[in-house]
Structure formats: C-alpha cells, structure tokens
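**Q** Next come the chains, spelled out residue by residue.
Number of protein chains: 2
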Amino acid sequence: MKDTPFAELTLFITGPTFIRPQVRQAGLLPEFGHRDTENNLRFKPIMTNLKKLAGVGDDHQVIIFNGSGSTAMEASIRSLVADGETVLNVSVGAFGDLYHKMAVVNGKKAVQLKFEPGRAMDAALLEAAIREHKPAVVTITHNETSTGVTNDIVAACKIIRTSGALALVDGVSIFGGAACPIAESGCAMYSTSTQKSLGLPAGFGIAFVTAEAVDKAGKVANRGHSSDILGQLGRAGKFQTLTTPNCTLANQMFVQLDYIVNEEGIENRFARHEAMRDMVADFVSGLSGYELFAQKGHGSATLTTVRVPKGISVKDLKAVKEVMRAKGYLYDPGYGKLNEQLEKEGKQPIFRIGHMGDITPAMLEKYLADLGSVLPKA
Amino acid sequence: MKDTPFAELTLFITGPTFIRPQVRQAGLLPEFGHRDTENNLRFKPIMTNLKKLAGVGDDHQVIIFNGSGSTAMEASIRSLVADGETVLNVSVGAFGDLYHKMAVVNGKKAVQLKFEPGRAMDAALLEAAIREHKPAVVTITHNETSTGVTNDIVAACKIIRTSGALALVDGVSIFGGAACPIAESGCAMYSTSTQKSLGLPAGFGIAFVTAEAVDKAGKVANRGHSSDILGQLGRAGKFQTLTTPNCTLANQMFVQLDYIVNEEGIENRFARHEAMRDMVADFVSGLSGYELFAQKGHGSATLTTVRVPKGISVKDLKAVKEVMRAKGYLYDPGYGKLNEQLEKEGKQPIFRIGHMGDITPAMLEKYLADLGSVLPKA
Numbered sequence: 001m002k003d004t005p006f007a008e009l010t011l012f013i014t015g016p017t018f019i020r021p022q023v024r025q026a027g028l029l030p031e032f033g034h035r036d037t038e039n040n041l042r043f044k045p046i047m048t049n050l051k052k053l054a055g056v057g058d059d060h061q062v063i064i065f066n067g068s069g070s071t072a073m074e075a076s077i078r079s080l081v082a083d084g085e086t087v088l089n090v091s092v093g094a095f096g097d098l099y100h101k102m103a104v105v106n107g108k109k110a111v112q113l114k115f116e117p118g119r120a121m122d123a124a125l126l127e128a129a130i131r132e133h134k135p136a137v138v139t140i141t142h143n144e145t146s147t148g149v150t151n152d153i154v155a156a157c158k159i160i161r162t163s164g165a166l167a168l169v170d171g172v173s174i175f176g177g178a179a180c181p182i183a184e185s186g187c188a189m190y191s192t193s194t195q196k197s198l199g200l201p202a203g204f205g206i207a208f209v210t211a212e213a214v215d216k217a218g219k220v221a222n223r224g225h226s227s228d229i230l231g232q233l234g235r236a237g238k239f240q241t242l243t244t245p246n247c248t249l250a251n252q253m254f255v256q257l258d259y260i261v262n263e264e265g266i267e268n269r270f271a272r273h274e275a276m277r278d279m280v281a282d283f284v285s286g287l288s289g290y291e292l293f294a295q296k297g298h299g300s301a302t303l304t305t306v307r308v309p310k311g312i313s314v315k316d317l318k319a320v321k322e323v324m325r326a327k328g329y330l331y332d333p334g335y336g337k338l339n340e341q342l343e344k345e346g347k348q349p350i351f352r353i354g355h356m357g358d359i360t361p362a363m364l365e366k367y368l369a370d371l372g373s374v375l376p377k378a
Numbered sequence: 001m002k003d004t005p006f007a008e009l010t011l012f013i014t015g016p017t018f019i020r021p022q023v024r025q026a027g028l029l030p031e032f033g034h035r036d037t038e039n040n041l042r043f044k045p046i047m048t049n050l051k052k053l054a055g056v057g058d059d060h061q062v063i064i065f066n067g068s069g070s071t072a073m074e075a076s077i078r079s080l081v082a083d084g085e086t087v088l089n090v091s092v093g094a095f096g097d098l099y100h101k102m103a104v105v106n107g108k109k110a111v112q113l114k115f116e117p118g119r120a121m122d123a124a125l126l127e128a129a130i131r132e133h134k135p136a137v138v139t140i141t142h143n144e145t146s147t148g149v150t151n152d153i154v155a156a157c158k159i160i161r162t163s164g165a166l167a168l169v170d171g172v173s174i175f176g177g178a179a180c181p182i183a184e185s186g187c188a189m190y191s192t193s194t195q196k197s198l199g200l201p202a203g204f205g206i207a208f209v210t211a212e213a214v215d216k217a218g219k220v221a222n223r224g225h226s227s228d229i230l231g232q233l234g235r236a237g238k239f240q241t242l243t244t245p246n247c248t249l250a251n252q253m254f255v256q257l258d259y260i261v262n263e264e265g266i267e268n269r270f271a272r273h274e275a276m277r278d279m280v281a282d283f284v285s286g287l288s289g290y291e292l293f294a295q296k297g298h299g300s301a302t303l304t305t306v307r308v309p310k311g312i313s314v315k316d317l318k319a320v321k322e323v324m325r326a327k328g329y330l331y332d333p334g335y336g337k338l339n340e341q342l343e344k345e346g347k348q349p350i351f352r353i354g355h356m357g358d359i360t361p362a363m364l365e366k367y368l369a370d371l372g373s374v375l376p377k378a
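Taken in sequence, the protein lines are chains A and B.
1 is the number of the first residue of the first sequence in the UniProt record's numbering; add one for each residue after it.
1 is the number of the first residue of the second sequence in the UniProt record's numbering; add one for each residue after it.
A portion of the hints provided could be inaccurate.
Any copy, or any two copies together, can satisfy a pair, since identical chains are not distinguished.
Dumping the calculated PhoX-like pairs for lysine-lysine here, alpha-carbon to alpha-carbon at most 20 Å [as the list claims (entries may be wrong)]:
#1 Lys101 - Lys114
#2 Lys337 - Lys238
#3 Lys134 - Lys377
The set of hints was computed from the structure by calculation and includes no laboratory data.
Please take these sequences and the hints and turn them into a complete structure.
**A** Dropping the structure here:
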C-alpha cells in the first residue's frame, strides 16, 4: 500500500471514538453474503448481545439499520408519527433539535419543548407541554452530545405514557456506556448507534422496538422503504439487515459485543464510564475558572462539557486542538453551533471531553494531564 | 481475539463481493473525526477519484450517503419527485421493481413499465409509456442485478429527456466495473454503491447529481433529512458526509480508488470486466443445455445469469452452493424471488456468477473450472 498522509490520533471527541486494536484487527475477518448462513453467524450473536446490553427480553425486537444513529431516529419519526398527529420534540440541545428537524422535514406536525443549553428536561414543564399540545408521540434525548446532559428517561417516559402518547428516545451517545433503562422506561423505540459508547466505527443505526411500536407503525402511511420499521423487522426476524450491511463492521461488532458481554462485563463497563466521569469532574474542579457545564446530577457518563473562564474564546480552544493534535490526540473544542450561540449571547464557550467506548481510565488520566498543561490559564 | 467460526470464502455472488487483501488491510488505518481536517484527507481524493471514474466534470456533484445504494436511490425519489407528479419506473427485474416500490411507499404517484425477466428496456415501449403516463420523472436500472441485463441508459435517457422528464438511474451493480455514460446520458441523478464493482465493503451510497437535480429538489416538499440531496450537498461541498461515516470504509475507499485510478487504470479495469464476461459466456457455451439468460447484446460486464437445463431445479442449485462452499467459494444460486417465479411459470431457474470488483480472470478461470465439475449434467 502507498503511504497515506493520515495521522494516528487518539480520539477524545464525542464520537466517532477510539477503536481499540482488537476491534481494528477484527476488520480483517472475512466478508460474507448477507443472505447466506454466514450472515447469521455474525448477526444472531450480535442481536442477542445487544439485547443483553440493553437489558431487554422478548418484549423487544432489535433492528440494525445501515446508516447511522440518525437513520434509526428518522425511521422512528416516519414509522411512528402519522400525518396529522402532533409530535412533541423535547430538546436540551442540538441533537434534540435534530429530532425536531427530522419531524418537520418529513412533513409531520411538530412542536418543540426546548431547554437552555446545559439544563436537563424538567418534568413539570414536560407535563405542561403535553397538556398544551396533546401530542400523540413525544421524542426525547437520553444523552445530549452537544451539552453533555443526561435526561432521566424513566421519569420523562412515565409522564409521556401516562398521557397516552408514544415515547421515542434518542440514545445515540450513551448506549453501551451506561445503563439504559429501555424496558423500564416503556419507550416504544430506542435508537442508538455504533460509533459512540459501543467503541465501534460508525455504520449501523440500532433500534429496540416494542410490540406497541409495531402496532402503531401498521397505522402510519408512507413509512418509506429503509425508514419502515416493519420492513426492517421482516429482515431482523431472520437476523438480517434490510439492505447489504458493511461486513467489516459486522465482524467488528461480533467481536466487540462478545468482548463487552463476556470479557469486560456489562456492569464493569458501566462502572468504568462512571469512574471516568468522576475523574473529569475532579480534573475540572482543579482548574481555576473552568466549570462543569451540565446541570448538577445530569452530567453524562460518556462525555463531559466544560465552560471556560472569561477571556478564553472559541479561537483559543481551536488553538488548543492543534497543540493537542501535535501530542497525538484529537481534542474536541465544543459543538460549533452551540459555541457560536454562547459567544453571541456574551456567554463563555465550552469544550468537550469524550470518555466513551473503550477509552480507559489510564488513557484518560494521561490525556487530562496533557490537556491540563495546554489549556490557557484563567 | 477468540477464534471465530467464520469461513474464509471467495465471494462469487453479485455483491457484496471479494475484498482484495490490500483493501482489507486498509481497514487498519486510523479512525478520524468527520468534522476535522483529517476527514478531508480521505474524502477530497475520494470524491475527486469518483468523478474521474464516472467521467464527469464540474457539471456534477458527488454525494456520499451513509447507508447503501438503496439509500441513494430512495433519496432520489424523495428529493426529485414532487407529490402529485407521476414517476414512471422502468423495470427489467427485482431492482427496477425496488425503485418502483420506493416511490410507492413514499407516497408518490408511481406507474411501472415492466419487461420480462432477461429482457432489456425497449425504446419503443418506453416512448409509448411516456406518451401514456406523461411522467415528470422516470427511473431506470442501468445494470439489473437479478437478471444480469444491462440497459442502454444513453438511449433511454435521451427518450426521457426529450419528453421533458427528469431521468434517475440506478447504477448500483455496474459503477466501477464498466463505463457509465453518466454525463452523456444527461440523467439528473445516478446512484450507486461501494459493495459491487468498486470492490469495497458495503456502507456508502454514492450519487452524482446535476444542477438540474438541485434546481428540482428546491421545488419538492418533505424531502426528509438524510434523503434530502440539498442537505447532503451542503456537507458534500465541504467534502463531508451529512452524518458520521464509517471511518474504516472511508480509509479503504481512499486506498481502493487511488488503486483503481492510478495503479490498475480505469480503462484496464473496464477491459478486465469485459474479458471476464466473455470468459463466462465461453464457459456457458461449453455446458450442454445451459444458456445465457440475458437478452443478446445486453449481458452485463459485472455479472452473468445462466439458465439451467430441464430437470435441474433450484434445490439442485442450492446443493451446488454447498459443494462450492466446501471448495472455498460462495456460489450464487440465483435471485430467490425470480427463481420462484420462473419455477411457478414452468420455466427453468437461473444461477448467477458475479465477476465484479477485484475478481481477476485467473480467479474466475479457477472458479469456472471448479464449477464446471460440480454443476449437474443436463
């Protein structure tokens, strides 16, 4: 192979994330026919292990979409919101806004309940919005990647379900890194992806759907082709994907889920993420003028957002990025649009630290030490 | 890594296809941030080389969709067919039918012009259908994977464009294996994928779009999110994808397109595919009772379909598959639904030989020799 000009950086961004060597190597496993028995040698254990990781049983079916987490989210809108119904999109940041945008651009009647960046969903305001709009469907973000806020989806879904609405949850950046109370929440469809806390390359959207979702989809017209969860389930029931999957990623996912479930252990994996959240919180508390951005008690186990002191700008953070690059890291200077907005409002910008997937506390410790030496002083 | 139970088979199916060792190895190249400068080190040359391979210039823009060829095709329907307009789907097989299905399940007013399996599009019948239905948009399959028939898309698109309609072409299984007269045809959007004649794993849909398509999309409502070519182009203009791409595939695609354009050479690649088509035709002519299935003059350069003699059933072909598996191959016993239909009509089923991507004449020669010794005698 010709030499490539690509840098070998350790990704501390919020996805895609660091791929550990064993997972990269699994990319060398053989390609296969997606309608052949070889397919099921990959996807049957993949789907079984995904259900273990999700803590769901026979009440849930798993769909693997070719695409990304957005593919699964958009499918939930197209399959589960009927024309003329109101969908309420609860947003605590850019990815909550994206769920709303998906509803709008698909011609759905959509309203939004927005919270200030850094704040979590508030139950009383959710109840009020549901009383006002009487939605048939409500979407909510489990873990907002732009702000590092985790919502209490059990509480939110309880309110949503009590109103009689269906709950759809975006769990893109948390699944695989923390307990996701999918069954307990009673959400009809929970969407996630491979390239965040599962520690895999991007390429598949993943969804867990209930019988209630299946029933509802049967009453929704124009669900599209790849966005139709019923068509997808027809294949998923045979441990297949609707269209040709990326064989490399399937092989890597087979290996990685076996590792998570049978080697690292699910509880250990979740505990590791919590420990890393605490490490970053300690790090920030030791940095004069820097503050955690997420509402107290809602800091994500998989990524942390940090508000910088007065006098430090987005431009400074972009300079930090280049210094960190020279040290072999990809640093995350914050979600672009959010920082634009914050600076426009005269507020201080934030940066993010992704500590998801297969990043270890030892790797994070080294990263924080290097970052601490690079961040501008208040 | 634990031992995996996966067989190392050489894929002679019609996609996914054989991945050559250099491409597998390229999967070990580093992951990257999709909004970082590292992204462009991959996708700028990828898009440039795709345009070279497509023989298009500044009149065309390239979109890389996360998903598959179907993702690009469905986007063409959602972005370019307005509600209330008629779309005519020209079908010479299962994937032409799929384009029609995509129009129907997205709520478009769709009519179909179907040809018998094995036959190519007929210009006079296309003209008549256009006169009858007055479609605003017409879709056509360049290379029908289920029947091994290649349509003359220049002739078809000339008729379509003369009528004032937009032409959308599905080039999923041919792009990268034969000359695709995209610019000459004047089609508004040409969709293809990675896992066929490009010799890559699945994971990206690829589209070439014209200014005419961009203009039309601006007048179509409810284009969706990932299916909106305008949203996609906003990112593509920066050499990015709309959502997180599979980094492994991007690295492999960077290496593979450089190989195709600068090492193998585009013309050599196309000539190799034609030579393989001729090799298979010679092989079939030497098999008593077996016949080429595709209409004369329309046999695909990337896959060949073979009608089996009387007395040989689909069940026999499935037995051939298992014998070939034991020899290290994945053999293709024909497109399931088509063979069901053929047997129901009292006709003989077909099998397929994929000779696409990076399969070499030497590999094919060995495969045909092995297959010849296994196929049941007439």
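**Q** Determine for every hint whether it applies to the structure shown.
**A** Against the structure, the hints come out as follows:
1. Within a single copy, Lys101 and Lys114 get their C-alpha atoms as close as 13 Å, which meets the 20 Å cut-off; across copies the closest is 37 Å, which misses it.
2. With identical chains, the CA atoms of Lys337 and Lys238 are at most 20 Å apart between copies only, with a shortest distance of 17 Å across copies and 42 Å within one.
3. Within a single copy, Lys134 and Lys377 get their C-alpha atoms no closer than 49 Å, and across copies no closer than 69 Å, so neither meets the 20 Å cut-off.
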